[in-house]
Amino acid sequence: MTIHTSHLNIKEDLDLERIRKDFPILEREMNGHPLVFLDSAASSQKPTQVIDAISNYYKQTHANVHRGVYQLSQEATEAFENCRIKVKDHIHAASEREVIFVRGCTEGINLVAHSYGKRFIHEGDEVLISGMEHHSNIVPWQMVCEDRKATLKVIPVSDVGELNMEEYERMLSPRVKIIAVNHVSNTLGTINPVKEMVRMAHNYGIPVLIDGAQAMPHTYVDVQDINSDFYVFSSHKMYGPTGIGILYGKEEWLEKMPPYQGGGEMISTVTFDKTTYNELPFKFEAGTPDIAGGIGLHAAIQYLQDTGIEKIARHENELLTYGTEILSSVKGVQLIGTAKNKTGVISFLIKNTHPYDVGAILDKLGIAVRTGHHCTQPLMDRFGIPGTIRASFGMYNTMEEVDKLAAGVVHASRMLR
Amino acid sequence: MSEKINAIQDEIIEEFAFFSDWMERYEHIIDLGKNLPLIDKKYKTPDYLIKGCQSQVWLHADISNDGILFSADSDAVITKGIIALLIRVLSDQNPEDVANADLYFIDAIGLKEHLSPTRSNGLLSMIKQMKYYGLAATKAI
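Line order of the protein sequences matches chains D and Z.
Residues 1 to 417 (this note's numbering) make up the first sequence, in order.
Residues 418 to 558 (this note's numbering) make up the second sequence, in order.
Derived from the structure by calculation, the hints contain no laboratory data.
We put the beta carbon where it would ideally sit given N, CA and C, even for glycine.
It is possible that some hints are incorrect.
[Stated by the list, open to error] Far from chain Z by the CB rule (all over 12 Å, computed), these chain D residues:
1. 61
2. 147
3. 262
4. 287
5. 305
6. 340
[Claimed, not checked] As a list, the in silico PhoX-like pairs of lysine-lysine whose alpha-carbon atoms are at most 25 Å apart:
7. D:351 <-> Z:451
8. D:177 <-> D:195
9. Z:468 <-> D:351
10. D:88 <-> D:256
11. Z:461 <-> D:351
12. Z:458 <-> D:351
13. Z:451 <-> D:331
[What the hints assert, rightly or not] Chain D is faced by these chain Z residues, among others (derived, beta-carbon under 8 Å):
14. 439
15. 471
16. 494
17. 495
18. 496
Generate the whole structure from the sequences, applying the supplied hints.
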């Protein structure tokens, strides 16, 4: 194994030094070592620009939105609604009416499962998901299938961690009422051919929901190009705050779906006899929204755009290539998920060791990785393993940090031998 | 408070005082884990499993008039090493003392992070379960 330590700024379009300065948390030390944060797939860190936007909002602009006649409320409403416009432009949605604020990806999926399911899924119908879904894209559909007496079917995953597209095609039929798959696997990093999958599903008139949580921080997503009927993602995985996410839905579907939760904001008129609902997008936004979260998400998207998502993707891809190469050369390391198309996620095991032990030792070296089943137990069962060690990259990670990971893995594997 | 239990805890703290850094401590824990006597195969079943999100623990208690004998296992070796220490402290003790034990040694030897609920390694539930056995046996006797 060769260790390189001076990759910083070589062949980098990204101004890594500046970027790392934007993320104050990266200055922290863990157990006496500089923090090496390799868990961005769970949640990315936040740049000062996002932190300041939230802080300034509370200092200068906060009031409840969509209801005050006074100037402050109007300013808050404008700032919050500007986030909706920012999201709409960023994902290239056809209109702001198609951009619904939710608490996160999980709530977005639950909203569609519940609301679409209530209206369109009936006894004997099928719901199609894939074998590499996060629990958040499994359990809501199980609940809906149980409730509607429908059947959940699973697209199989190959040994390298790709979806079996022939099997997928065979599974399509008029009985399938919706398909829910991730754009990028959180455990394997596999980028799924979602555009192609949507095209095939639409031949049967089946709508498709894409869980884009792991795609948004790494690639430009054009929802009209992908042409999915729903696309959901969380702010906190794309350098924005926790507690807010987006459900994009085609207007034609959202119009036909009943509201998910009742309350303020989502109504037009309320009497004790009957309530009429507000129009899109507010029909699905009961209660006071996460206004500060919206302001933060706006700043995060701006930060991604200013930095350049292509540049970020290229940088992360270099980290992936280098990390894959260097970890493969460590004796006993087995990579889980070696799809052709991947984002910066490396899941691996060390022969005869348990992921927990490796994670505990890496932690002592200041290296933050995720260990366990990554909320994808069925996928772990598919590979017959209890879990993996997962290193996932963000825009701020360096080649030097990949070296530290590899050295840490060698160290752990020696200690545990 | 059982003096017998605390004497063993103090003994462990003294042993660990010889180690100068985390690496030596972990190496020792790993050794303890590797040398933990195997649990009887018939107890390594779902009935005896304490499922953690990260690692899993199997625990069996043999309750007799003389006290409780614990045997346990885990799929992770660091977890197993801590199990070895817990067994050394709590096994073959009076049930009431097990139920009331204040396990201060884990913090004192710098392993408290392994008992954090976010680690979800089954250890916290294991200690709870050991104490339940102690409580149940106290009532039974």
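* Hint check against the structure, violated hint numbers in rising order -> none
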